[in-house]
Each structure stands twice: as structure tokens, then as C-alpha cells.
Amino acid sequence: MVNEATIWKLFENIFDPEVPVLSILDLGIVREVHVKSKQEVEIVITPTYSGCPAMDVIGMSIRMALLQEGFTQVQVKQVLSPAWTTDWMSESGKQKLKAYGIAPPNHKQLVCTPDAFQEEEAVQCPHCGSYHTQLVSRFGSTACKALYQCNDCQEPFDYFKCH
Amino acid sequence: MHDPLLHYCLFLADSALILGHRNSEWCGHGPVLEQDIALTNIALDLIGQARNLYQYAASIQGGDATEDTLAYLRDERAYKNCLLVELPNGHWGQTVLRQFFFSTYQYYLFQQLINSTDVQLAAIAEKSLKEVTYHVRWSSEWVIRLGDGTEESKQKMEEAVDNLWSYTGELFVPAAYETPGFGVDLNVVQMQWQQKVAAILDEATLALSQQGWMQKGGKEGAHTEHLGYILAEMQSLQRTYPGARW
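Quick note, the sequences are listed as chains A and B, same order. According to my numbering, the first sequence is numbered sequentially starting from 2. According to my numbering, the second sequence is numbered sequentially starting from 944.
No lab work stands behind these hints: they were computed from the structure. Check the hints yourself; a few may be wrong.
Derived lysine-lysine pairs resembling DSSO-like cross-links, with alpha carbons at most 30 Å apart [stated by the list, open to error]:
#	chain 1	residue 1	chain 2	residue 2
1	A	Lys97	B	Lys1073
2	A	Lys95	B	Lys1073
3	A	Lys97	A	Lys37
4	B	Lys1073	A	Lys78
5	B	Lys1159	B	Lys1139
6	B	Lys1139	B	Lys1099
7	A	Lys99	B	Lys1073
Cβ-Cβ distance ranges computed for the label pairs, FRET-style [what the hints assert, rightly or not]:
#	chain 1	residue 1	chain 2	residue 2	range
8	B	Thr1122	A	Cys154	41 to 47 Å
9	B	Ala1175	A	Cys129	49 to 55 Å
10	B	Gly1126	A	Cys129	33 to 39 Å
Not the full set, but computed from the structure, chain A residues with beta-carbon under 10 Å of chain B [unchecked claim]:
#	residue
11	Met56
12	Gly60
13	Phe72
14	Thr114
15	Phe140
16	Ser142
17	Thr143
18	Leu148
19	Lys162
20	His164
Backbone N, C-alpha and C define an ideal beta-carbon position, used for all residues, glycine too.
Whole structure, please, built from the sequences with the hints as guidance.
Rendered as C-alpha cells:
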């Protein structure tokens, strides 16, 4: 019988469709794995952003992977609380993001307040390592990213925003 | 009124969905690419919040109800969204001001709702609050930028305040299904909302509106003429091809 440890291992190879260097374990969205019998398994995941369309694809990938392992009843349950935070992203996930050209999230801090025009975070350019960067837009190509530009190497880049 | 919780979920869900839909009308039409993307992101967050709320509402209603039947197969009178969110977008300034009014309301509402005795409502509020925090920041920065901008942008923002103000009162008058409160004291939300709005408008060099008379009815299903058009567009596919799937 496939045990829970095997399933966790399996999840190392299920990737976020929008940021394909991150596994769902790197993202920290898998909360629980319950093998109920030879046929039946329940997986509990938590969404990153409420409307993130990647969640449906991830749910489907989990289902497919487990069907291949011989399970016939696969339940993928979403829970909202405690709400996902970028602090749950693994250290190796952050390194992979950076190598992929996306600045990894800083630790949750001041930026998560509603105050207008407050001091900006120091975001490091993933290309040249400079902290001399500027916010272009608080919202980027996907729900989880903001758009920055490096003032030194001039490259624009995505920043995985703290959540 | 059989189930206040169901109606309350629908009110929250409908308000998020309709504003998400309105914002999505800007997709491809924003003043600059980055802000087009920003508003579309906000639309996505709102539609995501609406999905969580509709899923919960469907589980309360039971039977064949799903998030899709609730969004696509209810008529105008069954929709409980506040009137503010169904108003036409107007110009960019009016769209960001509407977002600011609504996001500020959601921000203080959800801050209380995370302590609700209803565990699922609390979870949805906790999740949504993170995104709403970004919405408040983004929209208030725009209100300040445009209000304290050029002569023309200021005048357009003054118009927007006049156009939208009478639709803000409804947010703080509890509908019949809202009276259990679910852990929210609307008087407190109103006080916090007024303080924040006054502070941002002041920084934007815009005057608070002197209008005292307020519109109402949306939360009880009596809408402006605009909602029907939104639903006609949003629901047309499911109404024409019932049960169609991607």
C-alpha cells in the first residue's frame, strides 16, 4: 500500500503551472495527507490567492498523480484557515525562484498594511543582486507578483509579493 | 427569511462578484498597461472571494446548488449586492474612488468578521483580508494622486465624489438578514470607514460630500437599472446553453 510518506515524496514533482520551478511543497500549500484505505486518499490544500486559477490546475495534477498510484477515490479538499502566507515557502523554493529570475518574497512585514505611500520594501534584484530597485506596479503578471525594475542593471523583474 | 447566514453570504458574494465584473470591463482599456493589470488583478481577487463565499452559500442551501448556479442562475431581484458596486465605471478616477470606498468598507468589515463565531465566514474573511489590504493601498494612492493632481484630475475626482457618495450609506444600514451580525458591529465599521475616507480625501485635497440623503435597496434586491445589463452579459452563456462547461 502506498503510504503517506510516499505521497509527500510524490508531491515534490507536482509544480505550480505559473511558476514551474516551484513544487507544491516549496509553495507550502499542502497541509494534510490522509490515506484512508488502499483505494481512498484525502489531500488538504490551501490556496495562495483567493482567485488564483493555478489552484484548479494543481488540484487536477494531484488527482492525476494519485490515480496513477492506484487510488480510485481521490479527494482534494481546500481549507482557507489559517490563511496561507509566503512565510511558508521553503528556503530551497526561494532559491529556485531567484535562479528563475523572480525575486523571492521578503518576510512578512510592514508592506502588508493598508497605508498609502508608506516606505517601500527593499527588494533585491534577482539578476545582479542590487537592492537599488524600484516598484513599477504593486500588481504583476499573476496574482502573486509585483513588478519591479533594477536601477543598476536596468532589468525589469517580478517580485513574489509578501502575503 | 429562512436563513440569515445564507442571505448574508450571498450579499457578500454578490457584492464581490459584481465589482469584480465591473473592474474586468477595464481589461485591455486601462490608462497604462501596469494599471490595467493592477485593476484586473483586483477583479480576480474579488471573483476569487466571491467563489469562496458562493461555495459556502451552496453548502448551506444544499440540494443542487453550486457556486455556478448561484452566480449564473439567479435573477436580479435575488441579487443582494450593494448598489455602489453595480454603478457604471465612469472614468478611471470614478472607478478607483469606488474601489477605495468599497475596499475600505471590506477591510474594516473583514477585520471584525475574522472573529466571527461562524468558522467558515471567519476563514474567508481571514483569507480575503490579505488581498483587500493591497486593494485599499492601491486605490487610496490613486485617489490622492488624482485629487491632488492637475486641475482637470481634481475636478473629475470632485465629480466622482458627488456621483458616488449617496451610494455609500447603504453599506452601514443592516439588512434584515444582517441583524444577527455574525460578529460584526456595523457602527464600528462605519466609524472606521469615515475616519479613513476623511483622511484620504483630505490628503487628496478633496472635500467630503455634504449630501446627507442616501440611496438604499441593493442589499434587499431592489437595484438600479444597471444590474440587469451586467447579469444579461454575465449570465448569457449559461442561460443560452444550460449546463455548458469549459
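Given hint Thr143/A near chain B, where the shortest CB pair must fall under 10 Å: holds, 8 Å
C-beta pair Gly1126/B, Cys129/A: status relative to the range 33 to 39 Å that was hinted: violated, 49 Å
30 Å limit on alpha-carbon distance, applied to hinted pair Lys1139/B and Lys1099/B: Distance of about 21 Å is within 30 Å: holds.
Minimum beta-carbon distance criterion (10 Å), His164/A to chain B: With a minimum Cβ separation of about 6 Å from chain B (threshold 10 Å), the hint on His164/A holds.
Satisfaction of the Phe140/A interface hint, Cβ to chain B closer than 10 Å: Check passed: Cβ of Phe140/A comes within 4 Å of chain B, closer than 10 Å.
Cβ separation of Ala1175/B and Cys129/A, checked against the hinted range 49 to 55 Å: Taking Cβ atoms as reference, Ala1175/B and Cys129/A lie about 52 Å apart, which means the hint holds.
Agreement of hint Gly60/A with chain B interface, Cβ distance less than 10 Å: violated, 13 Å
Lys162/A as chain B interface residue, shortest Cβ-Cβ below 10 Å: This interface hint holds because 8 Å falls under the 10 Å limit.
Pairwise hint evaluation, Lys1073/B against Lys97/A, where the allowed Cα distance is 30 Å at most: holds, 25 Å
Restraint status (C-alpha distance of Lys1159/B to Lys1139/B at most 30 Å): Holds: Lys1159/B and Lys1139/B sit about 22 Å apart, inside 30 Å.
Restraint check for Lys99/A with Lys1073/B, where alpha carbons must lie at most 30 Å apart: holds, 24 Å
Pairwise beta carbon distance, Thr1122/B to Cys154/A, judged against the given window 41 to 47 Å: Cβ of Thr1122/B to Cβ of Cys154/A: about 58 Å, so the range 41 to 47 Å is violated.
In this structure, the earlier hints numbered 3, 8, 10, 12, 13 are contradicted, and the remaining ones agree with it.
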